[in-house]
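**Student:** Fit chain P to the given chain F structure using the hints.
Chain by chain, the residues run as shown.
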Amino acid sequence: MRQKGAQILTKCLAEEKVEAIFGYPGGAVLDIYDALYHSPLKHYLVRHEQGAAHAADGYARATGKPGVCIATSGPGATNLVTGLANAYMDSVPLVAFTGQVATPMLGRDSFQEADIYGITLPITKHNFLVKETGDLPRVIKESFHLAATGRPGPVLIDLPKDVCQKEASSGYPQNSQLRGYRPLPESDPLQIEEAAAAIAGARRPVLCAGGGAVISGGSAALRQLAERCSIPVTTTLMGKGVFPDDHPLALGMLGMHGTRPANYAVNECDLLIAAGVRFSDRVTVRADAFAPEARIIHIDIDPAEIGKNVQAHIPVVGDVKTVLEQLCRQLPEKEEGAPWPARLARWKEKYPLKYERNSGKIKPQYVVEQICRVTGGRAIITTEVGQNQMWAAQYYTFTRPRTFITSGGLGTMGFGLPAAIGAQIGRPGETVFNIAGDGSIQMNIQELSTAVSYRLPIKIAVLNNGYLGMVRQWQDIFYGGRLAHTEIPGPDYVKLAEAYGAVGMRVSKPAEVPPALEKAMEITDRPVLIDFMVDRKENVMPMIPPGGTVSKMLEE
Amino acid sequence: MYRTLTVLVENNPGVLTRVTSLFSRRGYNIDSLAVGRTENPAISRMTIVVEEDNNVIDQVTKQLHKLVDVIKVDDITEEEYVDRELVLVKTDADATVRGEIMQIVEIFRARIVDIGQNTLTIEATGDASKIRAIIEALKPFHIRELVRTGKIAMLRGGRFTTTKSGD
Chain F
-1 MRQKGAQILT
9 KCLAEEKVEA
19 IFGYPGGAVL
29 DIYDALYHSP
39 LKHYLVRHEQ
49 GAAHAADGYA
59 RATGKPGVCI
69 ATSGPGATNL
79 VTGLANAYMD
89 SVPLVAFTGQ
99 VATPMLGRDS
109 FQEADIYGIT
119 LPITKHNFLV
129 KETGDLPRVI
139 KESFHLAATG
149 RPGPVLIDLP
159 KDVCQKEASS
169 GYPQNSQLRG
179 YRPLPESDPL
189 QIEEAAAAIA
199 GARRPVLCAG
209 GGAVISGGSA
219 ALRQLAERCS
229 IPVTTTLMGK
239 GVFPDDHPLA
249 LGMLGMHGTR
259 PANYAVNECD
269 LLIAAGVRFS
279 DRVTVRADAF
289 APEARIIHID
299 IDPAEIGKNV
309 QAHIPVVGDV
319 KTVLEQLCRQ
329 LPEKEEGAPW
339 PARLARWKEK
349 YPLKYERNSG
359 KIKPQYVVEQ
369 ICRVTGGRAI
379 ITTEVGQNQM
389 WAAQYYTFTR
399 PRTFITSGGL
409 GTMGFGLPAA
419 IGAQIGRPGE
429 TVFNIAGDGS
439 IQMNIQELST
449 AVSYRLPIKI
459 AVLNNGYLGM
469 VRQWQDIFYG
479 GRLAHTEIPG
489 PDYVKLAEAY
499 GAVGMRVSKP
509 AEVPPALEKA
519 MEITDRPVLI
529 DFMVDRKENV
539 MPMIPPGGTV
549 SKMLEE
Chain P
72 MYRTLTVLVE
82 NNPGVLTRVT
92 SLFSRRGYNI
102 DSLAVGRTEN
112 PAISRMTIVV
122 EEDNNVIDQV
132 TKQLHKLVDV
142 IKVDDITEEE
152 YVDRELVLVK
162 TDADATVRGE
172 IMQIVEIFRA
182 RIVDIGQNTL
192 TIEATGDASK
202 IRAIIEALKP
212 FHIRELVRTG
222 KIAMLRGGRF
232 TTTKSGD
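Which chain is which? The protein sequence lines are F and P, in order.
Residue 304 in the working numbering sits at position 306 of the first sequence, with consecutive numbering throughout.
Residue 209 in the working numbering sits at position 138 of the second sequence, with consecutive numbering throughout.
Extracted from the complex, chain F is given alone in its bound form (with noise of 0.2 Å):
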């Protein structure tokens, strides 16, 4: 059968099951949008492309499934670009379609012509620039499969306009040929076995699991050997909820921001056990003095990760899941009362995340605490970037794999809200709060606007200090308190929240936060933005100085 490029389009995208498309209409887009106009497709319309990258990016990491969305040429596909960095930097599934002049008007200067393509060639996993309407079948089977399988990421597609209005054969290829493509790499034997028997040999041993655990759905695999073998478990940023944070044998997290239980077992353990982890440098501040004492067991389905930024003593290129199952095989149980996970226990006791809880003041920590409690833990939590961040990060007791939605690699402010959106739409039946900064929130904060459209329930705390937190705390430690343009006024939340559609509430007495969060669980046909008048010089803690050390580390 022949059709017009543009309804090949949307027939490749309901063979590949899609459900939520996330986009914004524009001339180049013209003939696309009117084959959706016409296709039982799900679209939604955001307020600005950069939202679309990342509600499809949110929608991804809380299905697992590819997040679609669809920008016109010029500015509209460039404004996708910082959502294409960021999901090719957490290992996000997304394909990307981008309209762009017609063929004969390439590279001429075309009005809204951008060259995507090499643009995005370092951000995306794969990228095409199409010029044969017949070759549109085959490139949407690939970029669906290159974007799910192996390491997943962003792919994205150049449409030019005549290509999008030409006829084609429509007949949706089966799967896909690419030679130079192998997304499951075996795993040696040899090297599982050599893995197994360091863990049986190891005093010491700790695992850190990362992103790529969450993505391979290594949850109970990891669970079950940290389980039968007694190993403490830490994780990443990107690796939250991949092991229960009320677990005994849980550390939480690790790196600059991390628990000084976790960054302790690390330190003194002789073996690290890796899990789809990229050694980025907020986890190892100093890759140099990172686990000095122990050997290093990496298991990573990218082989380029291996010896990347930390070279590890026994390499195992695999997926995640299945090479935790084997080890899980090969490994006896270990009797209980091992010294070492009752010495991390007596750390964890000793040292417990802490911050003044009678200061009269709102504390942010208080607030994640009291988000975790009225959604019994249970909750998606998408983030912003920075403190607010890392207090979700530290003070939400994450329980399931996926529930934890935030911007790790490229730290990119105002996910966000973006992403609350994609995740509540990819998941409606959950309840998702993003926790957030008045910094972050303004940066995208007109999808405010989408997400009242779709009378989507999400729920935005506003950590409200008044500053760009992070950087404010960086210049009080190690700029001498000048806070150059940190200090950010911003406009009146609720009213803003009121302007858009959305319900907004102001907090600013302790007492009020608990109230205040269970009336933002009734409300369940629109947004709530909840604008709470936190602490104004809180500060992240502990930390370890850039460059720094275990030994370094900092506490208020």
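Check each hint, because a few of them may be wrong.
In silico EDC-like pairs for lysine to aspartate or glutamate, Cα to Cα no more than 16 Å straight-line [said to hold, decoys possible]:
#1 F:Lys359 / F:Glu510
#2 P:Lys133 / F:Asp300
#3 F:Lys306 / P:Glu207
#4 F:Lys164 / F:Asp133
#5 F:Lys535 / F:Asp300
#6 F:Lys332 / F:Asp300
#7 P:Lys201 / P:Asp185
#8 P:Lys161 / P:Glu171
#9 P:Lys161 / P:Glu207
#10 P:Lys133 / P:Asp146
#11 F:Lys306 / P:Asp124
#12 P:Lys143 / P:Asp129
#13 F:Lys2 / F:Asp160
#14 F:Lys306 / P:Asp129
#15 P:Lys137 / F:Asp29
One side only, chain P facing chain F, incomplete, derived with CB under 8 Å [stated by the list, open to error]:
#16 Glu81
#17 Arg89
#18 Thr91
#19 Asn125
#20 Val139
#21 Asp140
No lab work stands behind these hints: they were computed from the structure.
Every residue gets a Cβ at the ideal spot worked out from N, C-alpha and C, and that includes glycine.
**Tutor:** Then chain P, alone, in the frame of chain F:
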């Protein structure tokens, strides 16, 4: 240390940019890069000479493998292989020195491919050391222009770096 990689890639538009931008953004040093179509028009072969230590080469190889358009990467540095580079050198050559230059050309089994009023253009083919030597030998006559291809390489004997099926 210099390593020689031979890389089979899909002959897609943009594939050269993908490879070179990978090198620049990850901060790897390319000494030379030669690329051309193979016996199969859908596949091109790149010969890349990289100046890095072993750890970095390991990363280069893995990062290259991640590119979807890259089919195969072989580090042939430790193998037995034939390598060639082609250079064109235009040198000052008035009547008094032409004879001398032609002798040098003879010794290196190079060729004179063009003669100007006061210049000679010499074509030489060979491995890196031979190319280096002829350039050194011609320097005293004042080299006006020089262009070279970068190294291409192939394994010796019955060994191949092609894909298994030959496609």
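**Student:** Confirm or reject each hint.
**Tutor:** Hints and how they fare:
no., hint, verdict
1, F:Lys359 / F:Glu510, "11 Å, holds"
2, P:Lys133 / F:Asp300, "9 Å, holds"
3, F:Lys306 / P:Glu207, "40 Å, violated"
4, F:Lys164 / F:Asp133, "12 Å, holds"
5, F:Lys535 / F:Asp300, "41 Å, violated"
6, F:Lys332 / F:Asp300, "31 Å, violated"
7, P:Lys201 / P:Asp185, "21 Å, violated"
8, P:Lys161 / P:Glu171, "15 Å, holds"
9, P:Lys161 / P:Glu207, "13 Å, holds"
10, P:Lys133 / P:Asp146, "11 Å, holds"
11, F:Lys306 / P:Asp124, "14 Å, holds"
12, P:Lys143 / P:Asp129, "14 Å, holds"
13, F:Lys2 / F:Asp160, "10 Å, holds"
14, F:Lys306 / P:Asp129, "9 Å, holds"
15, P:Lys137 / F:Asp29, "34 Å, violated"
16, Glu81, "6 Å, holds"
17, Arg89, "6 Å, holds"
18, Thr91, "10 Å, violated"
19, Asn125, "11 Å, violated"
20, Val139, "5 Å, holds"
21, Asp140, "6 Å, holds"
Hints 3, 5, 6, 7, 15, 18, 19 from the earlier list are contradicted by this structure; the remaining hints agree with it.
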